[in-house]
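Asker: The numbering used here numbers the first residue of the sequence shown as 109 and each following residue consecutively.
Derived from the structure by calculation, the hints contain no laboratory data. The reader is advised that the hints may include incorrect statements.
What the hints assert, rightly or not - With a cut-off of at most 27 Å between alpha-carbon atoms, the simulated DSSO-like pairs for lysine-lysine come out as follows:
# : residue 1 : residue 2
1 : K274      : K250
2 : K171      : K271
3 : K356      : K327
4 : K111      : K274
5 : K111      : K126
6 : K214      : K250
7 : K214      : K274
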Amino acid sequence: MFKLTSLNLNGIRSATTKGLEAWLTKVKPDCICVQEVKAQAADVQGRFEALAGLQGHFHFAEKKGYSGVGIYTRQEPSDVIVGHGSPEFDSEGRYVELRFDTPGAKKSIISCYFPSGSSGEERQQAKFRFLAELYPHLTQLKAGREFILCGDVNIAHQEIDLKNWKGNRKNSGFLPEERAWMTQLLGEAGLVDVYRQLQPTATDAAYTWWSNRGQAYAKNVGWRLDYHLATPALAASARLESIYKDEKFSDHAPITIDYAM
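Generate coordinates for the entire structure from the input sequences, incorporating the hints supplied.
Answerer: The following block contains the structure:
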């Protein structure tokens, strides 16, 4: 089994002080995709290049304490792709892809952090531009290789993906245009929402993010924002999923899926 975890750290320094490394040592994933590293190369050097025996590869944001993604892996990749070729968004540290190519197969693991539009209309429009750019990039990638994209997508796709869906229909993360983009990605583009493949009807158990306001975590008023999006062949190899909530490393919970690949 290939055990693959995704987690928005909300800061690597913060998450590691809350026990993340000990948990990784215990769970032993083969690979963990992380988002919102909130650090630069100099901050990572000498401390976070590796975690629990996994070697890290990163895409840092130019802006200090902002965004940033990484992938920690046991296996040495054949190639590391930093950024998805976007003049606007590659400076924000949102995409890193590890390729594990052999003569017989081309496979990638991607860690991706989608923009949030919750701070206002300007960032919402940036989010729409990001979605418009990423869609053809992923369809082109799918034409040439198998991949699993793990990340904080910042979109709850369906009504079962958040507690208060009626009250959030006009809010970023559950806007009709965002949900339509996900529907198109999982329909026309042919990618698979792996968690939903394994748990098609889960509601309260599916949430991976909770607001820090109003005791949202204690009351489980959550959203499912963290995904494994895979090409059909890799999705078909998914066997077991888990969302870990016994400890809180950030405002997101780690989602782990075991693949027979």
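Asker: Does the structure keep K356 and K327 at a Cα separation of 27 Å or less?
Answerer: holds (15 Å)
Asker: Under the criterion that the straight-line Cα-Cα distance not exceed 27 Å, is the pair K111, K126 satisfied?
Answerer: holds (22 Å)
Asker: Are the Cα positions of K171 and K271 separated by 27 Å at most?
Answerer: Violated, because 33 Å separates the two Cα atoms, which is more than 27 Å.
Asker: What's the verdict on K111 and K274, does the C-alpha distance respect the 27 Å limit or exceed it?
Answerer: violated (35 Å)
Asker: Hint check: K274 vs K250, CA-CA at most 27 Å. Holds or violated?
Answerer: The given pair, whose Cα atoms are some 34 Å apart, is violated under the 27 Å limit.
Asker: Are the Cα positions of K214 and K274 separated by 27 Å at most?
Answerer: Violated: K214 and K274 sit about 42 Å apart, past 27 Å.
Asker: Within 27 Å, alpha carbon to alpha carbon, are K214 and K250?
Answerer: Roughly 10 Å separates the two Cα atoms, so the pair holds.
In this structure, the hints that do not hold are numbers 1, 2, 4 and 7, in rising order.
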